[in-house]
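Start from the sequences, fold in the hints, and give me the full structure.
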Amino acid sequence: MSGFIEVSAYVGVTISLVSYFFGMLLKKKLKLAIFNPLLISVVFTIAFLVVTDTSYTAYESGAGFLSWLLTPATISLAIPLYEQLELLKKYRKAIALGILTGVLTSLLCVLAICLLFGLSHTEYVTFLPKSVTSAIGMGISEELGGYVSITVAVIIITGILGNMMSPFILRTFHITEPIAKGIAIGTSSHAIGTAKAMEMGEVEGAFSSLSIVIAGLMTVVGANIFQSFI
Amino acid sequence: MKYLKQFSIILAISLAGEILNYLIPLRIPASIYGIVILFTLLSTHVISVDDVKEVGKFLIEIITVMFIPAVVKLMDFWDHLYGSIIAYSVIVVVSTVFVMVVSGWVTQLVVRKGNRR
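Chains as they are written, first to last, in the numbering used here: chain A, 1 to 230; chain B, 1001 to 1117.
A few of these clues could be false.
[Said to hold, decoys possible] Cut-off 25 Å, straight-line C-alpha distance, at most; resulting in silico cross-link-like pairs (DSS-like, lysine-lysine):
(1) K1113(B) <-> K90(A)
(2) K90(A) <-> K1053(B)
(3) K28(A) <-> K1057(B)
(4) K89(A) <-> K1113(B)
(5) K1057(B) <-> K89(A)
(6) K1057(B) <-> K27(A)
(7) K1113(B) <-> K1053(B)
(8) K1053(B) <-> K1005(B)
(9) K89(A) <-> K1053(B)
(10) K93(A) <-> K1113(B)
(11) K1002(B) <-> K1057(B)
(12) K1113(B) <-> K1057(B)
No lab work stands behind these hints, which were simulated from the structure alone. Note that the coordinates shown come from a computational prediction; the quantities given were computed from them, not determined experimentally.
Here it is in structure tokens:
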């Protein structure tokens, strides 16, 4: 069995995609962020590889082409950002300050906790981009020499947490302004959190989604400065 | 032809991004240069949204699937994760809450100040 899997380019991809769709179905039915299709797909794919005794290298030789389109897809994020240009101009001060302080908070939190637990430089740069969208965070981790797989997994978990906890956190800390709610969610938990912001309202959703790319861009600069601290 | 043209434009920008990443000695991913290039081209009307829209939206829609191989690689990191799981969990939970509260508060402050004027 593992011989065939290593020969066929489509086995790994098919398993990954079918379980991804299964995850989408689960999420639609149960409406809980914890049933994240990406996580479900990863769990099934790893289980399949372990059961059939297939190495990651063999899987990657087929499924690796999925990652090939990542750069063009990430670049396309400029399109939704451009479509929000009017909003961006009108609220530039609130957007710039809200997202910048959020990005700095994220970098400082990672720095402080890594110092506290005595983590290595590689672990530190793995976590620096943890709050931004996977497309940008993965690139930052790669450039800084982090464990890219851990970065992406942590980003997804951050998104799920933000999605699930945001109604409670925003209420507890009296963040009631729709623009503020959107920017808080988008800056802390990127696209996965934005799904929740869109449920809250149109304004929340729009500001959350424009925060995704801006927080990502600011984090590229910030992470480059912060990486020398540990 | 429409899709081919759109795809070619986006791929050409990807190439430009990789060239910049290669030439400029900063640790900035090629895709980030690409975002800035595409955003600049759109806002200076060198190209219009219609030149990239459909293919761009398609790529964004399927982007999540592209991360599957990277995360599956975690299977090779098992032992590593096992030892540091507590520190990792603290980072994730604490920073997510702090970032949400700080950026929300600051934005709310700026918005309300603006409204009073």
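Practice problem: Provide an ascending list of the numbers of those earlier hints which the structure does not satisfy. | Solution: Checked against the structure, the hints that fail are numbers 7, 12, while the rest are satisfied.
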